[in-house]
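Peer 1: Each chain, letter by letter, is given below.
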Amino acid sequence: MIVEANTVRFDSITLDSGATLAPVDVAYETYGKLNAAKTNAILILHAFSGDAHAAGISHETGKPGWWDSMIGPGKAFDTNKYFMICSNVLGGCRGTTGPASIDPATGRPYAMSFPVITIGDMVRVQKVLVDWFGIERLLSVSGGSMGGMQALEWAAAFPERVVSSIPIATTARHSAQQIAFNEVGRQAIMADPDWNQGDYYGKQPPARGLAVARMVGHITFMSDDSMREKFGRRLRGKENFGFDFEVDFEVESYLRYRGSQFVSRFDANSYLYITKAMDYFDLASGRGSLGEAFGQTRARFLAISFSSDWLYPSYQSQDIVRALRALNRDVAYVELESNYGHDSFLVDVAEQSDLVRGFLASTFEKIQ
Amino acid sequence: MSAHGPKKQAFVSELLGRGDYAIIGDIVEPGTKVLDLGCGGGELLQWLAENKGVEARGLEISSERVQRAIARGVSAYQGDIDQGLADYPDRAFDYVILSQTLQETRNPRKVLGEMLRVGRRAIVAFPNFGHWRMRLSMLASGRAPRTALFPYEWYDSPNIHFLTVRDFEDLAALEGVEVERRYFLAGRRKVTFLPNLLAEVAVFLVRRQGLRP
Numbered sequence: 001m002i003v004e005a006n007t008v009r010f011d012s013i014t015l016d017s018g019a020t021l022a023p024v025d026v027a028y029e030t031y032g033k034l035n036a037a038k039t040n041a042i043l044i045l046h047a048f049s050g051d052a053h054a055a056g057i058s059h060e061t062g063k064p065g066w067w068d069s070m071i072g073p074g075k076a077f078d079t080n081k082y083f084m085i086c087s088n089v090l091g092g093c094r095g096t097t098g099p100a101s102i103d104p105a106t107g108r109p110y111a112m113s114f115p116v117i118t119i120g121d122m123v124r125v126q127k128v129l130v131d132w133f134g135i136e137r138l139l140s141v142s143g144g145s146m147g148g149m150q151a152l153e154w155a156a157a158f159p160e161r162v163v164s165s166i167p168i169a170t171t172a173r174h175s176a177q178q179i180a181f182n183e184v185g186r187q188a189i190m191a192d193p194d195w196n197q198g199d200y201y202g203k204q205p206p207a208r209g210l211a212v213a214r215m216v217g218h219i220t221f222m223s224d225d226s227m228r229e230k231f232g233r234r235l236r237g238k239e240n241f242g243f244d245f246e247v248d249f250e251v252e253s254y255l256r257y258r259g260s261q262f263v264s265r266f267d268a269n270s271y272l273y274i275t276k277a278m279d280y281f282d283l284a285s286g287r288g289s290l291g292e293a294f295g296q297t298r299a300r301f302l303a304i305s306f307s308s309d310w311l312y313p314s315y316q317s318q319d320i321v322r323a324l325r326a327l328n329r330d331v332a333y334v335e336l337e338s339n340y341g342h343d344s345f346l347v348d349v350a351e352q353s354d355l356v357r358g359f360l361a362s363t364f365e366k367i368q
Numbered sequence: 001m002s003a004h005g006p007k008k009q010a011f012v013s014e015l016l017g018r019g020d021y022a023i024i025g026d027i028v029e030p031g032t033k034v035l036d037l038g039c040g041g042g043e044l045l046q047w048l049a050e051n052k053g054v055e056a057r058g059l060e061i062s063s064e065r066v067q068r069a070i071a072r073g074v075s076a077y078q079g080d081i082d083q084g085l086a087d088y089p090d091r092a093f094d095y096v097i098l099s100q101t102l103q104e105t106r107n108p109r110k111v112l113g114e115m116l117r118v119g120r121r122a123i124v125a126f127p128n129f130g131h132w133r134m135r136l137s138m139l140a141s142g143r144a145p146r147t148a149l150f151p152y153e154w155y156d157s158p159n160i161h162f163l164t165v166r167d168f169e170d171l172a173a174l175e176g177v178e179v180e181r182r183y184f185l186a187g188r189r190k191v192t193f194l195p196n197l198l199a200e201v202a203v204f205l206v207r208r209q210g211l212r213p
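Chains as they are written, first to last, in the numbering used here: chain H, 1 to 368; chain Y, 1 to 213.
Hints listed in this document are in silico derivations from the structure and should not be mistaken for laboratory results.
Check the hints yourself; a few may be wrong.
What the hints assert, rightly or not - Result set (DSSO-like, lysine-lysine): computed pairs, CA atoms no more than 30 Å apart in a straight line: (1) K110/Y - K33/Y; (2) K366/H - K52/Y; (3) K75/H - K366/H; (4) K52/Y - K33/Y; (5) K33/H - K366/H; (6) K75/H - K230/H; (7) K230/H - K63/H; (8) K110/Y - K81/H; (9) K366/H - K33/Y.
When you get a sec, could you build the whole thing from the sequences and use the hints?
Peer 2: Structure follows, in structure tokens:
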């Protein structure tokens with residue numbers, strides 16, 4: 001499945017902060033075919049560092065999408081049955097307007113003059129995109145991690161537009177621990193002299209700070225078990241310690257590699273803005289309680305968490321499920337056994353696929 | 001054939017290989033809202049959804065069984081019966097089903113109370129520990145009884161609260177629970193005589209006394 005990236009431009013959007021952003025470009029990809037009644041559309045929502053390329057082989061880069069194991073012919077999100085849309089989030093750096101985009105008022109990149117955004121803002125931009133497609137109701141909204149936050153926000157903000165929601169490995173509010181890890185990442189970037197108050201476009205970007213931020217991130221995505229399995233205490237290309245501060249251990253090499261890889265595909269200012277949006281996320285905020293946030297939704301929910309995910313632990317998914325149960329909403333939930341930590345929703349997808357496939361099929365049947 | 005003809009044969013058909021399911025499938029009114037506690041792989045709920053158009057929910061402790069239920073389209077969630085009902089508002093369901101699980105719960109009295117808080121009616125099916133084979137097994141062997149219905153060694157058994165037909169009737173009276181219907185089964189045969197001695201499985205349809213469902 002070779003896929004093409006597309007971009008559409010919208011006039012403007014008003015943000016939670018009160019600021020207005022104009023214009024707003026949205027990069028998106030689609031998979032499968034929208035049926036005549038437009039009842040088979042599913043919005044796929046990417047995690048923090050993801051992008052619109054969720055599935056298939058990119059026409060430009062030749063690389064598979066970040067959820068290619070879940071989306072395709074005969075897969076959980078079956079392109080023979082459903083029409084999937086995935087867009088890059090607002091504030092991102094992969095085609096949708098973000099801090100690296102040109103501010104039409106100055107002709108230069110926004111950098112730190114880009115307004116602070118929220119998960120709610122990201123979802124409002126997606127809603128504009130869904131409107132543009134002429135889709136009245138989405139069969140499902142689904143994603144893991146930050147994508148799961150958007151899946152919850154969709155159900156709360158646009159209850160009449162969502163038939164079902166599949167939040168995976170996520171939370172209804174960022175915890176102190178989650179905020180803390182994000183703050184370490186931001187401080188690493190801002191402590192890099194090359195960051196230069198965000199004004200580094202066309203110059204040397206804060207590659208060291210961004211790489212360190214990503215290294216911390218990767219630790220939180222794995223589990224003690226998966227790191228032991230993958231690296232143990234193995235040394236990297238040597239028999240004995242080097243007695244210096246070059247790479248000794250495999251795990252150090254891996255983190256450095258991941259850090260440096262990330263720098264080539266991600267903008268440091270986007271890192272700041274998107275992590276801030278996650279930290280601000282609290283579905284109950286401004287709505288009274290989690291129960292009131294879900295008060296209007298009649299969507300069917302499938303929540304999934306993973307046993308070894310300590311970044312978004314199961315109790316956070318269970319809080320979501322309990323709030324829905326108190327409202328007597330239609331909710332399915334299971335904790336899957338996996339050693340891969342938070343990364344499980346991306347890499348350990350066999351059981352997750354069976355759940356999503358069955359849930360979508362029965363949901364689709366109900367609206368026929 | 002008279003209207004009573006088939007009933008006199010006193011055979012119950014099986015549903016998904018189980019007599020108690022056949023009775024539950026018969027009791028549940030179409031288009032109702034049903035919660036099945038200990039729903040396993042969701043087989044009964046799927047049958048009720050497809051054949052009676054019920055809105056089906058399931059609670060199940062095993063991750064593997066919840067996965068099977070969700071994969072077949074049933075809204076099941078992973079949780080513990082002893083605690084799992086607390087979140088629901090009062091009278092959220094028309095029926096709350098507990099099939100062959102009451103004897104496995106830590107606090108059966110509380111579970112029955114909670115079932116009748118969140119449900120207008122409860123359907124409770126359980127293996128009858130008062131069956132003559134159990135009594136004979138214990139009398140003859142002097143050991144914790146093992147029969148086809150209770151095949152476990154005492155130390156492996158998930159059954160931690162054994163009860164008989166009479167015990168359930170006593171609990172119902174104590175809790176102010178009205179028994180609307182009772183069914184007794186031995187294999188596929190309906191038992192109408194000496195149920196506490198002859199029934200292997202009992203199915204009760206109950207509701208709170210004085211509460212109009």
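Peer 1: Are the Cα atoms of K52/Y and K33/Y separated by 30 Å or less?
Peer 2: It holds: about 10 Å lies between the C-alpha atoms, which stays within 30 Å.
Peer 1: Mind checking the alpha carbons of K366/H and K33/Y for me, to see if they're no more than 30 Å apart?
Peer 2: Distance ~15 Å between K366/H and K33/Y Cα, so the pair holds.
Peer 1: Has the given pair, K230/H with K63/H, been kept, meaning a C-alpha gap of at most 30 Å?
Peer 2: Within the cut-off at roughly 24 Å; holds.
Peer 1: Given the hint that K33/H pairs with K366/H, test it: the Cα-Cα distance must not exceed 30 Å.
Peer 2: Answer holds: K33/H to K366/H is near 20 Å, not above 30 Å.
Peer 1: Measure nothing beyond the straight line between the CA atoms of K110/Y and K81/H; if it is 30 Å or shorter, mark the hint as holding.
Peer 2: Cα-Cα ~45 Å, so violated.
Peer 1: Regarding the pair K110/Y and K33/Y, is the alpha-carbon distance no greater than 30 Å?
Peer 2: holds, 22 Å
Peer 1: Below or equal to 30 Å on CA atoms is what counts here, so check K75/H against K230/H.
Peer 2: Given that 30 Å is the threshold and the Cα spacing comes to 28 Å, the pair holds.
Peer 1: Need the status of pair K366/H, K52/Y: alpha-carbon distance at most 30 Å?
Peer 2: holds, 14 Å
Peer 1: Would you mind confirming whether the straight-line C-alpha gap from K75/H to K366/H stays at or under 30 Å?
Peer 2: Judged against 30 Å, a Cα distance of about 20 Å means the pair holds.
When each numbered hint is compared with the structure, a violation occurs for hint 8 only.
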